[in-house]
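Since chain A is already given, all that's left is putting chain B on it; use the hints.
Protein chains in written order, with the numbering used here: chain A, 1 to 248; chain B, 249 to 515.
These are calculated hints, taken from the structure and not from any lab test.
Heads up, the beta-carbon is just placed ideally off N, CA and C, and yes, glycines get one too.
Accuracy of the hints is not assured; some may be wrong.
Restricting the straight-line Cα-Cα distance to at most 16 Å, the calculated cross-link-like pairs of lysine to aspartate or glutamate (EDC-like) are [unchecked claim]:
hint, chain 1, residue 1, chain 2, residue 2
1, A, Lys103, B, Glu468
2, A, Lys209, B, Glu478
3, A, Lys103, B, Asp355
4, A, Lys197, B, Glu494
5, B, Lys492, A, Asp195
6, B, Lys492, A, Glu220
7, B, Lys492, A, Glu211
8, A, Lys209, B, Asp355
So these bits of chain B aren't anywhere near chain A, every CB distance computed over 10 Å [unchecked claim]:
hint, residue
9, Thr273
10, Gln294
11, Pro297
12, Lys308
13, Met313
14, Lys324
15, Leu342
16, Ile359
17, Gly389
18, Glu424
19, Asn438
20, Glu463
21, Leu513
22, Gly515
Simulated coverage check for chain B against chain A, where a stretch passes if three residues somewhere in it have a Cβ under 8 Å from a Cβ of chain A [claimed, not checked]:
hint, segment
23, 367-373
24, 478-490
25, 494-503
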Amino acid sequence: MSDSKGTVPLMINGKRTDGREVEDLRNLRIEVGIIPEADGSAYVEWGGNKIVCGVYGPRECIPRHDASPYHSIVKCRYMMSPFASLEEHSRSGPSRRSTELSKVIREVFENVVIAEKFPNTQIDIYIDVLQADGGTRTASITAATVALANAGIPMKDMVASVAVGKAGDTLVLDLNKAEDNFGQSDMPMAMSQKDKKLLLLQMDGLLTKEEVIEMVGMAERGCEKVNAIQTSALKRFYEKGEDETVKW
Amino acid sequence: MVMIMGDEVKDVIMAQIRRDVLNNTLSKGVRFDGRKFDEYRPIEVQRGPIKTAEGSAVAKIGQTMVLVAAKFDIVKPFPDRPTQGVMVSNAELLPTASPTFESGPPDEYSIEVARVVDRALRSAECVDLNSFFVETDKVLGLYLDIYVLNHAGNYTDTATLAATAALLDTKIPKVENGAIIRGEYAKPLNPTKLPLTTTMVKVGNNWLVDPSRDEERVLETTLTIGTTEEHVCAMQKGKGAITKDELVEAMEIAFKRGDDIRKILKG
Numbered sequence: 001m002s003d004s005k006g007t008v009p010l011m012i013n014g015k016r017t018d019g020r021e022v023e024d025l026r027n028l029r030i031e032v033g034i035i036p037e038a039d040g041s042a043y044v045e046w047g048g049n050k051i052v053c054g055v056y057g058p059r060e061c062i063p064r065h066d067a068s069p070y071h072s073i074v075k076c077r078y079m080m081s082p083f084a085s086l087e088e089h090s091r092s093g094p095s096r097r098s099t100e101l102s103k104v105i106r107e108v109f110e111n112v113v114i115a116e117k118f119p120n121t122q123i124d125i126y127i128d129v130l131q132a133d134g135g136t137r138t139a140s141i142t143a144a145t146v147a148l149a150n151a152g153i154p155m156k157d158m159v160a161s162v163a164v165g166k167a168g169d170t171l172v173l174d175l176n177k178a179e180d181n182f183g184q185s186d187m188p189m190a191m192s193q194k195d196k197k198l199l200l201l202q203m204d205g206l207l208t209k210e211e212v213i214e215m216v217g218m219a220e221r222g223c224e225k226v227n228a229i230q231t232s233a234l235k236r237f238y239e240k241g242e243d244e245t246v247k248w
Numbered sequence: 249m250v251m252i253m254g255d256e257v258k259d260v261i262m263a264q265i266r267r268d269v270l271n272n273t274l275s276k277g278v279r280f281d282g283r284k285f286d287e288y289r290p291i292e293v294q295r296g297p298i299k300t301a302e303g304s305a306v307a308k309i310g311q312t313m314v315l316v317a318a319k320f321d322i323v324k325p326f327p328d329r330p331t332q333g334v335m336v337s338n339a340e341l342l343p344t345a346s347p348t349f350e351s352g353p354p355d356e357y358s359i360e361v362a363r364v365v366d367r368a369l370r371s372a373e374c375v376d377l378n379s380f381f382v383e384t385d386k387v388l389g390l391y392l393d394i395y396v397l398n399h400a401g402n403y404t405d406t407a408t409l410a411a412t413a414a415l416l417d418t419k420i421p422k423v424e425n426g427a428i429i430r431g432e433y434a435k436p437l438n439p440t441k442l443p444l445t446t447t448m449v450k451v452g453n454n455w456l457v458d459p460s461r462d463e464e465r466v467l468e469t470t471l472t473i474g475t476t477e478e479h480v481c482a483m484q485k486g487k488g489a490i491t492k493d494e495l496v497e498a499m500e501i502a503f504k505r506g507d508d509i510r511k512i513l514k515g
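The shape of chain A in the complex, shown without the other chains:
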């Protein structure tokens, strides 16, 4: 990633490759309840990302030895479809990347789900990336929060997520695929919206301490915009009733 920096111009006259300013989000659209069989679901279109998330539970914990008598177990499976990228058809099934992402996404929601209410059960978060365009983990977390709310699972807080990175020597919000692949650094974050705590924090590339601090501030502002869209999607769904059909 960082070793090919400079080969692709990512900032032209202060604008990004897709014409955005540094702190602009790509178009973000969220639909609630698109999988009627699931207890809760959400569909997120974010730039070129298309992601569905279904939440099931609290339901019986399988295998039984995973269960806790004290709280529900949060489980997460993030998966990228083999046709999700413009490049070659990738192998289906779990990869090392998807295993790691499933873990870090689970660790985000363990902080907010009020699991003590449902001992001996599990809550499943299934995320499928149908089309990928950079920033799938942050889009997945944004979708999963909405799906959990739609499933009626009690949470202490809403979670919004966005990546901040460095591309063309500039700090930018919400990296697109080119910025992700050819930029100098990528720092995906997720934040709880009431107490502004970092629930997801990963980083690669080279950054100074000051840049990291600045980027957390950018993520905080970005997450507020994302959260506003999450909230309005949920409101729209519950005001219209559950029969609305979703346009893909």
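For chain B alone, coordinates are given in the frame of chain A:
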């Protein structure tokens, strides 16, 4: 309230009384082994134990012991980087090393540590992959195998330390007619940067570095920060939630401790 989440149910059971005592002493600012909150256990690095690999090192932080071996092969380059070599990291949490590790395919913990170490090394650009080109469709592939041999807490930092030490020990093999001549070397790899990670857990509002196995069991909020001399080169938050101020403090600690350990590494 006991809070055990996800895979930790697999862990050996820690007596509640030990948990409570440890929590109480830590909240008073005292660690069981007498260390300060920002103090590592004794660190030891030994280079070159494996003669069959082009580079290797064993790192010990306290009782935690990790072996990293670096081995080269001729491989096909990635289609989008046809002139660049390849670096692959893999970690094994050997069932030999801890009652909590199980045999079988890599689980999410071993995948995570391999990917965090990989990210730190790659971001620091300490290996020049452009120098690995051999001929069309042939480049050198550098395999870093991370073997956790004893897990007494904080295998992440021990693994990064062993990986960086192994790179310092690595010699690039001689290549003739598109094949590696085993046992003959062209030149040392000479990593330009020495990336290291510092792992911390949170006690109240304070960070505690290099957690022991017991401290890891009791304290959930975990943050790993990779550093080079000047830059942050990787970050990975585990469980828990942290504030912006806590992140700023953690970065300061990571730079200080990283510099200390780099001195040991340089010998």
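Which of the numbered hints are not met once you compare them with the structure shown? 8, 16
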